[in-house]
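J.: What follows is each chain in one-letter form.
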Amino acid sequence: MNQPPTKGFVLVASFSKPYFDAAIHAAISIKDYWPEAKIELYTHKEWWDEKYRDIFDHVHLEVPCHVRAKLWALTKTPYDISCYVDADIYCQSEDIKYIFDELDDQHDMAMSCNRPYNAKVVYITRDEELTHYKPEHKELIKTAKVHEWDFEGPGGCWRMKWHCGLFVYKKNERTFKMLDMWYKNYRTQIESNPKKNWPYNWPSSLWYWDTFAFFNTNYNVDYDVKIKEIHAKWNYVKGYRDDRELTKGEEIVFWHYTIPNDLVDRSTLNDPDIRNRIGNFDVIK
Amino acid sequence: MAEENVIQAVELDEYIRPANTDIVDAEQASRRDPQESNSSEAEGANRDIDSRDPDFQQAEITEKKDRLGIVRDDPQVTSWIHDATEDAAREKEQPKKEPEPKYPFNDADPIFAYYGNDKRSLLFFVLRQPDGPQGQPGPTETHQVHNTKEHEEAWYWVHKLLGQESINKNTNKEIDRVSKDRKKHEVEAKDQQHKADQEELFQAKITAFEMDVVRTTSHRQLKSKIRRATTILELTANVGAIIALEYKDESTPN
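Protein sequence lines, in the order shown, are assigned to chains A and B. Just so you know, the first sequence maps onto residues 1 to 285 in the numbering used here. Just so you know, the second sequence maps onto residues 286 to 539 in the numbering used here.
If you are wondering where the hints come from, they were derived from the structure by calculation, not from laboratory data. There's no promise every hint is true.
To be verified - No more than 25 Å apart at the CA atoms, straight line, and that leaves these computed lysine-lysine pairs for DSS-like:
{"no.": "1", "chain 1": "A", "residue 1": "120", "chain 2": "A", "residue 2": "238"}
{"no.": "2", "chain 1": "B", "residue 1": "510", "chain 2": "A", "residue 2": "248"}
{"no.": "3", "chain 1": "A", "residue 1": "17", "chain 2": "A", "residue 2": "76"}
{"no.": "4", "chain 1": "A", "residue 1": "97", "chain 2": "A", "residue 2": "145"}
{"no.": "5", "chain 1": "A", "residue 1": "17", "chain 2": "B", "residue 2": "510"}
{"no.": "6", "chain 1": "A", "residue 1": "76", "chain 2": "A", "residue 2": "120"}
{"no.": "7", "chain 1": "B", "residue 1": "510", "chain 2": "A", "residue 2": "233"}
{"no.": "8", "chain 1": "A", "residue 1": "238", "chain 2": "B", "residue 2": "480"}
{"no.": "9", "chain 1": "A", "residue 1": "31", "chain 2": "A", "residue 2": "45"}
{"no.": "10", "chain 1": "A", "residue 1": "17", "chain 2": "A", "residue 2": "238"}
{"no.": "11", "chain 1": "A", "residue 1": "97", "chain 2": "A", "residue 2": "196"}
{"no.": "12", "chain 1": "B", "residue 1": "404", "chain 2": "B", "residue 2": "434"}
{"no.": "13", "chain 1": "B", "residue 1": "510", "chain 2": "A", "residue 2": "97"}
{"no.": "14", "chain 1": "A", "residue 1": "38", "chain 2": "B", "residue 2": "510"}
{"no.": "15", "chain 1": "A", "residue 1": "145", "chain 2": "A", "residue 2": "17"}
{"no.": "16", "chain 1": "A", "residue 1": "145", "chain 2": "A", "residue 2": "7"}
{"no.": "17", "chain 1": "A", "residue 1": "170", "chain 2": "A", "residue 2": "233"}
{"no.": "18", "chain 1": "B", "residue 1": "510", "chain 2": "A", "residue 2": "31"}
{"no.": "19", "chain 1": "A", "residue 1": "170", "chain 2": "A", "residue 2": "226"}
{"no.": "20", "chain 1": "A", "residue 1": "248", "chain 2": "A", "residue 2": "7"}
{"no.": "21", "chain 1": "A", "residue 1": "195", "chain 2": "A", "residue 2": "97"}
{"no.": "22", "chain 1": "B", "residue 1": "480", "chain 2": "A", "residue 2": "120"}
{"no.": "23", "chain 1": "B", "residue 1": "480", "chain 2": "A", "residue 2": "17"}
{"no.": "24", "chain 1": "A", "residue 1": "195", "chain 2": "A", "residue 2": "228"}
{"no.": "25", "chain 1": "A", "residue 1": "120", "chain 2": "B", "residue 2": "469"}
{"no.": "26", "chain 1": "B", "residue 1": "458", "chain 2": "B", "residue 2": "469"}
{"no.": "27", "chain 1": "B", "residue 1": "510", "chain 2": "A", "residue 2": "51"}
{"no.": "28", "chain 1": "A", "residue 1": "120", "chain 2": "A", "residue 2": "142"}
{"no.": "29", "chain 1": "A", "residue 1": "238", "chain 2": "B", "residue 2": "475"}
{"no.": "30", "chain 1": "B", "residue 1": "434", "chain 2": "B", "residue 2": "381"}
{"no.": "31", "chain 1": "A", "residue 1": "7", "chain 2": "A", "residue 2": "170"}
{"no.": "32", "chain 1": "A", "residue 1": "76", "chain 2": "A", "residue 2": "170"}
{"no.": "33", "chain 1": "A", "residue 1": "171", "chain 2": "A", "residue 2": "228"}
{"no.": "34", "chain 1": "A", "residue 1": "7", "chain 2": "A", "residue 2": "38"}
{"no.": "35", "chain 1": "A", "residue 1": "31", "chain 2": "B", "residue 2": "533"}
{"no.": "36", "chain 1": "A", "residue 1": "76", "chain 2": "A", "residue 2": "228"}
{"no.": "37", "chain 1": "A", "residue 1": "38", "chain 2": "A", "residue 2": "51"}
{"no.": "38", "chain 1": "A", "residue 1": "120", "chain 2": "B", "residue 2": "458"}
{"no.": "39", "chain 1": "B", "residue 1": "510", "chain 2": "A", "residue 2": "238"}
{"no.": "40", "chain 1": "A", "residue 1": "195", "chain 2": "A", "residue 2": "120"}
Produce the complete structure using the sequences and hints provided.
T.: Following this line, the structure appears as C-alpha cells:
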C-alpha cells in the first residue's frame, strides 16, 4: 500500500542572526495555527538553542554562510512535498493547513506572482530594468514573456513572474534538477563581479536577486516543471494592497514582512573567508 | 521738424562737416538728388542699388530712422548766463563725494559673493589670487566680512566690483541650496528614525517570544497581535494581556 506523501515546511536561517530569530518566530506562528505541522530548519550551530527543539522535526546545523543558503537547502528536504518559507514571515490563519492542497497532480510547484507595484523589479529587457508606471515601459511590458517559447510577438521584454519567498514543491527528478540549476546559476551570478565580469546579457543590476536567477534558469530551458499560480493570501507581502489582492472575507495566511536591513548587515557571522555583506557559499558552519 | 533738420544739416555741411562724411538722415536721403555727386564710385553704385530696391525705399520712408544719430531735437534753452552763486548752490546740494577706501586685496580679485545672514550684514566672498608665473590659475579662497567699520574696505570693494544685483542673485541661490539641503536632511533623519523604530520593534518582538509565558500561551489571538504590532506600546500591551490572562488561568481552580 502506498504511503501518503510526507509534507512539511522548510525554513533556512543563515549568515545573519536576525534571520534565525525571525525563523523561530515564523515556526512558532505556524505551530500556533497548525500544531501538527512538520517544520525543518537549516541554521548554524552557534545560534541554536535546545529550548526550540519542540518546534522542529528536523534541524540541520551545518549550512553555508550565505544569505541565500536556501538555494543550497531546497533539495535536501526530507519531505515529499515541501513548502519553503522565507524566515521573515509569520502565519496568521488556520487555513495554513490547506496550503499543500494548492499543489495538484498536474503541477510540480505552486508559487505566487510578483506584483509590479510592490516589487523592486519584475520586467526587464536585455539592457535595463523596466517600471510598471512609465508610459514608454507600459507599452513594452504588454509583450513581456516568461519563457522564450511563450508566444510569438515583438519580444524584447521579459517578466520575472514568480515570487521566490514562499512556494510549495514536489520531490521529483525534474523539479530537483531545475532547483539545482537555480542554485548553480545563482552562484555564478553572485560570485561574479557585476562591474567587471558579469556573465549574462541581462542588466548587471540584477546581480543580487535570486528571483532573477530563477527566471534565468527557466526562460530558455524547459525542465518540464509545471508551476501553478497561487493566491496572494498565501504569501502576502508588506505593501500589497488589500483592495487589489483580497476579496471580502479572504484571510491572509502568511504575512511577509522585511527584517530591517541595517540590523541584518550588523549581525553577520565573522569569518576570515567572508569579505562581503552577503556571505560565502563555501564557508559551512 | 524734419525740414528744419535738413536746413541745419546743410549749414553744418557747409562749415564743419569733416571729409568723407555724408548726410544720411532718412528723409533727407530719400529726397537726395540721384545725380548728386558721389564721394566714391562704390558709394554711387550702392546708392543706385538702394534706389532700385523697393524694400529699402519703403524702409526709408516708414522708419524715418536717424541711422547715425546725428539729428537732435530743438534745444529748449538757447542762451545761458553764467551765474556763480547758482553754481555754488548746486555744488552744495550735491553730496560731497568721499574718497574711495583703499583696495584691500592687493592683486587678488573678488569673484563671487553672497550674504550670509537674513540681516545681510554678513558677506561671504571668494577671492581669486593672481595667476601663477607659468599661467597656472590663481588659487581661490573664501572669506567673510561683516558690515562694520573694521571691514569697511572689503565690504565696499566687493560690492563695487561684483555689484549689488549679482550679490543678491547669489544670495537667493544660496538660500535655495540651503533650503534644499535642509529638506534633504529632514527626510534622511525621518528615514533614519523610521529604520531605528522598525529595528527596535523587531527586536522587541523577538524578545517577547523568548519569554516562555508568551511562547507557550494558548491565547493565539494575542500572540498574533504581538506579531502584527506596529508600535512598542501595542506590543507591550499585548504581552501584558497575555501575562494577565495566564495569571488568571493559573489562579482559577479547574
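J.: Now, for every hint given, state plainly whether the structure supports it.
T.: Each hint, compared with the structure:
Using a Cα cut-off of 25 Å, the hinted pair residue 120 of chain A and residue 238 of chain A holds, with the two alpha carbons roughly 13 Å apart. About 21 Å separates the Cα atoms of residue 510 of chain B and residue 248 of chain A, which keeps this hinted pair within 25 Å; it holds. Using a Cα cut-off of 25 Å, the hinted pair residue 17 of chain A and residue 76 of chain A holds, with the two alpha carbons roughly 22 Å apart. In summary, the hint linking residue 97 of chain A to residue 145 of chain A is not supported, as the alpha carbons are separated by about 33 Å, beyond the 25 Å threshold.
Distance restraint check for residue 17 of chain A and residue 510 of chain B: the Cα-Cα separation of roughly 24 Å lies within the 25 Å cut-off, and the hinted pair is therefore satisfied. With a CA separation close to 30 Å, the supplied pair residue 76 of chain A and residue 120 of chain A exceeds the 25 Å bound. Distance check on the hinted pair: residue 510 of chain B and residue 233 of chain A sit about 18 Å apart at the alpha-carbon level, within 25 Å; holds. Distance check on the hinted pair: residue 238 of chain A and residue 480 of chain B sit about 15 Å apart at the alpha-carbon level, within 25 Å; holds.
Under the criterion of a C-alpha separation no larger than 25 Å, the hint pairing residue 31 of chain A with residue 45 of chain A is consistent with the structure, at around 23 Å. For the given pair, residue 17 of chain A sits about 22 Å from residue 238 of chain A by alpha-carbon distance, which is consistent with the 25 Å threshold. Note on residue 97 of chain A and residue 196 of chain A: the hinted pairing is violated, with a Cα-Cα distance of about 47 Å set against a maximum of 25 Å. Straight-line distance between C-alpha atoms of residue 404 of chain B and residue 434 of chain B comes to about 17 Å, which keeps the hinted pair within the 25 Å bound.
Note on residue 510 of chain B and residue 97 of chain A: the hinted pairing holds, with a Cα-Cα distance of about 20 Å set against a maximum of 25 Å. Only pairs whose Cα atoms come within 25 Å are accepted, and residue 38 of chain A paired with residue 510 of chain B is accepted, the gap being roughly 24 Å. The straight-line distance between the Cα atoms of residue 145 of chain A and residue 17 of chain A is roughly 38 Å, outside the 25 Å bound, and the hint therefore fails. A distance of roughly 32 Å separates the Cα atoms of residue 145 of chain A and residue 7 of chain A; the hinted pair therefore is violated under the 25 Å criterion.
Restraint check: the Cα-Cα separation between residue 170 of chain A and residue 233 of chain A comes to about 21 Å, which is no more than 25 Å; the hinted pair holds. Under the criterion of a C-alpha separation no larger than 25 Å, the hint pairing residue 510 of chain B with residue 31 of chain A is consistent with the structure, at around 16 Å. Our distance criterion of 25 Å between C-alpha atoms is met by residue 170 of chain A and residue 226 of chain A, whose separation comes to about 10 Å. For a cut-off of 25 Å, the pair hint linking residue 248 of chain A to residue 7 of chain A is broken: about 30 Å separates their Cα positions.
Distance restraint check for residue 195 of chain A and residue 97 of chain A: the Cα-Cα separation of roughly 45 Å exceeds the 25 Å cut-off, and the hinted pair is therefore not satisfied. The hinted pair formed by residue 480 of chain B and residue 120 of chain A meets the criterion: a straight-line CA distance of about 19 Å does not exceed 25 Å. Between residue 480 of chain B and residue 17 of chain A the alpha-carbon distance is near 18 Å, which keeps this suggested pair within the 25 Å criterion. Of the pairs offered as hints, the one joining residue 195 of chain A and residue 228 of chain A is violated, with about 36 Å between alpha carbons and a cut-off of 25 Å exceeded.
Distance check on the hinted pair: residue 120 of chain A and residue 469 of chain B sit about 23 Å apart at the alpha-carbon level, within 25 Å; holds. Of the pairs offered as hints, the one joining residue 458 of chain B and residue 469 of chain B holds, with about 16 Å between alpha carbons and a cut-off of 25 Å not exceeded. With a CA separation close to 23 Å, the supplied pair residue 510 of chain B and residue 51 of chain A stays within the 25 Å bound. For the hint linking residue 120 of chain A to residue 142 of chain A, the alpha-carbon distance of about 18 Å falls within 25 Å, and the restraint holds.
Annotation: proposed proximity of residue 238 of chain A to residue 475 of chain B holds, straight-line Cα distance about 20 Å (limit 25 Å). For the hint linking residue 434 of chain B to residue 381 of chain B, the alpha-carbon distance of about 20 Å falls within 25 Å, and the restraint holds. Between the alpha carbons of residue 7 of chain A and residue 170 of chain A the distance comes to roughly 9 Å, so the proposed pair stays at or under 25 Å and holds. For the suggested pair residue 76 of chain A and residue 170 of chain A, the alpha carbons sit about 12 Å apart, so the restraint of at most 25 Å is met.
Distance hint between residue 171 of chain A and residue 228 of chain A is fulfilled; the C-alpha atoms sit about 16 Å from each other, no more than 25 Å. Distance check on the hinted pair: residue 7 of chain A and residue 38 of chain A sit about 7 Å apart at the alpha-carbon level, within 25 Å; holds. As the CA atoms of residue 31 of chain A and residue 533 of chain B are separated by approximately 24 Å, the hinted pair is consistent with the 25 Å bound. Between residue 76 of chain A and residue 228 of chain A the CA atoms are separated by roughly 22 Å; this keeps the pair inside 25 Å, and the hint holds.
For the hint linking residue 38 of chain A to residue 51 of chain A, the alpha-carbon distance of about 17 Å falls within 25 Å, and the restraint holds. Straight-line distance between C-alpha atoms of residue 120 of chain A and residue 458 of chain B comes to about 36 Å, which puts the hinted pair past the 25 Å bound. Between residue 510 of chain B and residue 238 of chain A, the direct Cα distance comes to roughly 16 Å. Compliance with the 25 Å bound is thereby established for this hinted pair. Taking the CA atoms of residue 195 of chain A and residue 120 of chain A, the gap is near 20 Å; set against the 25 Å cutoff, the hint holds.
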